[in-house]
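Number of protein chains: 4
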Amino acid sequence: MAKLYFYYSAMNAGKSTILLQSSHNYQERGMDTLLFTPSFDNRYQVGKIASRIGLTANAIVFDQSFNFFNFIEQEIKKRPTIRCILIDEAQFLNKNQIEELSTVTLQLNCPVLAYGLRTDFLGEPFEGSKYLLAWAEELAEIKTICHCGRKATMNLRIDENGQAVREGAQVEIGGNDRYVATCRHHYLLGDSGRDSQQNLFIINEEIV
Amino acid sequence: MAKLYFYYSAMNAGKSTILLQSSHNYQERGMDTLLFTPSFDNRYQVGKIASRIGLTANAIVFDQSFNFFNFIEQEIKKRPTIRCILIDEAQFLNKNQIEELSTVTLQLNCPVLAYGLRTDFLGEPFEGSKYLLAWAEELAEIKTICHCGRKATMNLRIDENGQAVREGAQVEIGGNDRYVATCRHHYLLGDSGRDSQQNLFIINEEIV
Amino acid sequence: MAKLYFYYSAMNAGKSTILLQSSHNYQERGMDTLLFTPSFDNRYQVGKIASRIGLTANAIVFDQSFNFFNFIEQEIKKRPTIRCILIDEAQFLNKNQIEELSTVTLQLNCPVLAYGLRTDFLGEPFEGSKYLLAWAEELAEIKTICHCGRKATMNLRIDENGQAVREGAQVEIGGNDRYVATCRHHYLLGDSGRDSQQNLFIINEEIV
Amino acid sequence: MAKLYFYYSAMNAGKSTILLQSSHNYQERGMDTLLFTPSFDNRYQVGKIASRIGLTANAIVFDQSFNFFNFIEQEIKKRPTIRCILIDEAQFLNKNQIEELSTVTLQLNCPVLAYGLRTDFLGEPFEGSKYLLAWAEELAEIKTICHCGRKATMNLRIDENGQAVREGAQVEIGGNDRYVATCRHHYLLGDSGRDSQQNLFIINEEIV
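Residue numbers (my numbering), protein chains in the order written: chain A, 1 to 208; chain B, 1 to 208; chain C, 1 to 208; chain D, 1 to 208.
Think of the hints as simulated: they come from the structure by calculation, not from any bench.
Bear in mind the structure is a predicted one, so any value in this text is a computation, not a measurement.
Any given hint might turn out to be false.
If chains are identical, the list can't say which one is meant, so a pair holds when it fits in one copy or spans any two.
[What the hints assert, rightly or not] Taking lysine to aspartate or glutamate and the EDC-like style, the derived pairs with C-alpha atoms no more than 20 Å apart in a straight line are:
(1) LYS151 <-> GLU141
(2) LYS95 <-> GLU127
(3) LYS95 <-> GLU167
(4) LYS143 <-> ASP32
(5) LYS77 <-> ASP32
(6) LYS95 <-> GLU124
(7) LYS48 <-> GLU100
(8) LYS151 <-> GLU99
(9) LYS151 <-> ASP63
(10) LYS78 <-> GLU124
From just these sequences and the hints, can you work out the full model?
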């Protein structure tokens, strides 16, 4: 019986790179994969997963009404070489969809690898994160670092002057340059590690 | 800077045993610890952490209005050899209390080890679990097994005949004999691995 | 197909406690276990696994010529409810025995949980550790702490005055009071955190 | 105090991709990195780290006599923004070099991330793997899959007809097309999942 995996991280840790590498590993061994990405992720274009380091792949688009179980069941009937489901920006899944994906692992015996954030810029878990953290058979962290050298676990939203933003909608059009991954200490301080001209500065703290 | 740890598991995995062992490790090296347990955990008596395998220790009792930061700050002033905070049944912490415990790690540089369940018998995360899963710098699973040999990740509530219960209050007086840790497959089936006389039976499935 | 697990740690981390808890978890669900301990572990008595925190259980004794596959295959024939093999002090297994245990997981579909040290007092891996670290499908650390508050990963041998010992046989009769688990920094310094009267002293370092 | 990390995996799991992503994460936050690769890794050209998925970066070449501590200490003096050391094919480090890298973490407070294989085609750990598995403060697996869908942990060497090779030098010029990552079961069977024409075939086994 296959498992549901949640690979979680803060912003800009390289989730999409690792998703695309995992898909590549399956394909290299002759096994097909299905890739999914939410429809409002229009950083690049609808239906693409793209990593900042330069990798891209086509992906099936899902919205809040998309039924994962029905879709995947049909696809596997057509193409029995499909052996892995990979989902980018999985924090945007809703509770029903995570139940469907769990059923994919149990009834279709196909592993599901979901990649996403734990929390929004206010520290609240997304609906998708909440249920993936609760139900996934395997939780694994993709690590990245705060500007101080510690592990980053929080996502700070900043304005055009690098100042912390503490209110607003959970998702804002405009993209990743408005978020900085920080440790909890610098998240609470609202310290993005950049000055008002957006220059990076490195704080000489102990690396932990 | 110290970290917030969440050691999560299904019911009856041995969380209290591992908590008491970690506390013992600190004490053996000359470092003191503070142990906490929720006040309505009256399986044994108020102010005790007890593991099914036979270990016990006294613990400070907390309820929903308990302020962890103030209490721990005072205790460390009185006893600077305190080097670790350990919390049993941490799923019963509220959001404020987890913020306080996070502040303990940042301002008092004292690690906090929280042990608890991920989900209730309906599959919903507890308030404490939701925010510990979202914010803890380190997540680690304490594994246990379903009656089929797979890892147990869910908590099935059963009635006196071993039948699955699907409604009721999140917490019910009466204790652990009304819960069975299962894999997600047997949780959805409502299969506790026991017959109506509560005899255990082992299903001959593949171990995964 | 079952897996080979290696739970590794430094000295006095609580390996035996966690082994006994895992065995208890299986038995509580109606599944039997087989426990093994090396024959020269006569801290208590031959054929016992005992944890410093007070738990004990009988165990089957193995020496360097013991054939695990043949023994376990016979036992499972007699008692098909056996579902897990647990091995204490697994660093003392030899290469052949780890091959046998791997075959137990593959041919008898029975998981093997091995608990042991990574390295001896000179920093060299034991034969058992070397091959368990190389071959186990799952590696998991049982954490303990150095007297400075960091994680302990090394095992310092000390003499009766608390001074580091840097030569001698890999295994010495006399037991655990001659070993102190430390971080690599204090291992290289030979600093056991005790003065010449064996009093513990706590160094006020940052906890990492 | 910084830590020594060992990211281990079987062949062709994507180690170089993940190394390059981690380096990118540091650079994006204004922190410099040093990349190292062994000199006889001439798959591409001396002084390059290249991943099969298409990423490349320049790297400093090391051989068996290279002194990591002296080199890195000098570099950090010249460029204090260096905050992370990343090493590809770390199984080819020798024991002295791993001691040097450990000293880098302790004395220069700079984390070292080493990426490498656990074992060669005969199942023996490399010298570098042996000591990284023994000493690294953090061990983490980069997962890949066998042709049967299980996790791959072993490296099978095959000849031009896809047949298992069981003798020969530990390192052979000629490259990655002569190795197939498999689970232990298919490693022992010598089953690379390819027929004599090197066609991939998928075995219909349960995914574990």
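Each hint tested on the structure:
no. : hint              : verdict
1   : LYS151 <-> GLU141 : both (11 Å within a copy, 18 Å between copies)
2   : LYS95 <-> GLU127  : both (7 Å within a copy, 17 Å between copies)
3   : LYS95 <-> GLU167  : between (25 Å within a copy, 19 Å between copies)
4   : LYS143 <-> ASP32  : between (27 Å within a copy, 17 Å between copies)
5   : LYS77 <-> ASP32   : within (13 Å within a copy, 41 Å between copies)
6   : LYS95 <-> GLU124  : both (16 Å within a copy, 10 Å between copies)
7   : LYS48 <-> GLU100  : neither (23 Å within a copy, 41 Å between copies)
8   : LYS151 <-> GLU99  : between (31 Å within a copy, 18 Å between copies)
9   : LYS151 <-> ASP63  : neither (32 Å within a copy, 32 Å between copies)
10  : LYS78 <-> GLU124  : neither (40 Å within a copy, 35 Å between copies)
Going down the numbered hints, you'll see the structure goes against 7, 9 and 10, while the others check out.
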